[in-house]
Amino acid sequence: DVKVTQSSRYLVKRTGEKVFLECVQDMDHENMFWYRQDPGLGLRLIYFSYDVKMKEKGDIPEGYSVSREKKERFSLILESASTNQTSMYLCASNNDYSYEQYFGPGTRLTVT
Amino acid sequence: ELKVEQNPLFLSMQEGKNYTIYCNYSTTSDRLYWYRQDPGKSLESLFVLLSNGAVKQEGRLMASLDTKARLSTLHITAAVHDLSATYFCAVGDSGGGADGLTFGKGTHLIIQP
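Chains as they are written, first to last, in the working numbering: chain A, 1 to 112; chain B, 1001 to 1113.
Simulated from the structure, these hints should not be mistaken for laboratory data.
Computed from a predicted model, the values in this text were never measured in an experiment.
Built from N, CA and C at the ideal position, the CB exists for glycine as well.
A portion of the hints provided could be inaccurate.
Capping the alpha-carbon separation at 27 angstroms, the derived lysine-lysine pairs in DSS-like fashion look like this [to be verified]: (1) A:K55 - A:K3; (2) A:K3 - A:K71; (3) A:K57 - B:K1041; (4) A:K71 - A:K55; (5) A:K18 - A:K53; (6) B:K1003 - B:K1041; (7) A:K70 - A:K53; (8) B:K1105 - B:K1041; (9) B:K1068 - B:K1056; (10) B:K1003 - A:K57; (11) B:K1003 - B:K1068; (12) A:K3 - B:K1068; (13) A:K53 - A:K3; (14) B:K1017 - A:K57; (15) A:K57 - A:K18; (16) B:K1105 - B:K1017; (17) B:K1105 - B:K1068; (18) A:K70 - A:K18; (19) A:K18 - B:K1017; (20) A:K3 - B:K1017; (21) A:K70 - A:K55; (22) A:K71 - A:K53; (23) B:K1041 - A:K13; (24) B:K1041 - B:K1017; (25) B:K1105 - A:K3; (26) B:K1056 - B:K1017; (27) A:K71 - B:K1105; (28) B:K1003 - A:K55; (29) B:K1017 - A:K55; (30) A:K18 - A:K55.
Chain A stretches covered by chain B per the calculated footprint, using a threshold of three residues with CB under 8 angstroms from any CB of chain B [claimed, not checked]: (31) 14-23; (32) 60-73; (33) 79-85.
Can you build the whole structure from these sequences, using the hints too?
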């Protein structure tokens, strides 16, 4: 089975802190994605990566950056957390042949 | 800009009834996804539809895709309580699997005994 894991299920941070969200997949997938989910808005794409050290902006990249130093790991970075970044963050991965995206369990981030 | 609209956004129905969730999208796409999400959980993949006229069925759920109308439907047959969840459709906006998905806002489905 495909497994996508995220480093924390719940996280509480203060405004202005630097926050790292980690995602690891074990299926040798080329592509990895970060989404945020907010009530009534569905999921929105923040960033994605199609190869090591490659990244592409999604629909809402402002306030975020990403890092992909190894194929299996994709990190989302909040350089200076703000309260409007309180949300559920979901990581996903896939390869170029199956199309289907597999999601991790999510990290619920609260910024106070 | 690709937009995805689902309706209804909220649906309460009784067990044993049939109903359909609709997903419209604004630009040409070659792939349409349906996901299920239970409260506090992540997304579970239900269907991936890749061609016009595609139809897939799993148990009481059936999904179809009309790329000319830019419309997908998720049909629920003889609903049971266990199908209560939030259902999302999502669309990929270019060929290949490397692009992210654009999601609808989700349909919160409650099935009452």
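Structure-inconsistent hints, enumerated in ascending order: The structure breaks hints 12, 14, 19, 20, 27, 29, 31, 32 and 33; every other hint is satisfied.
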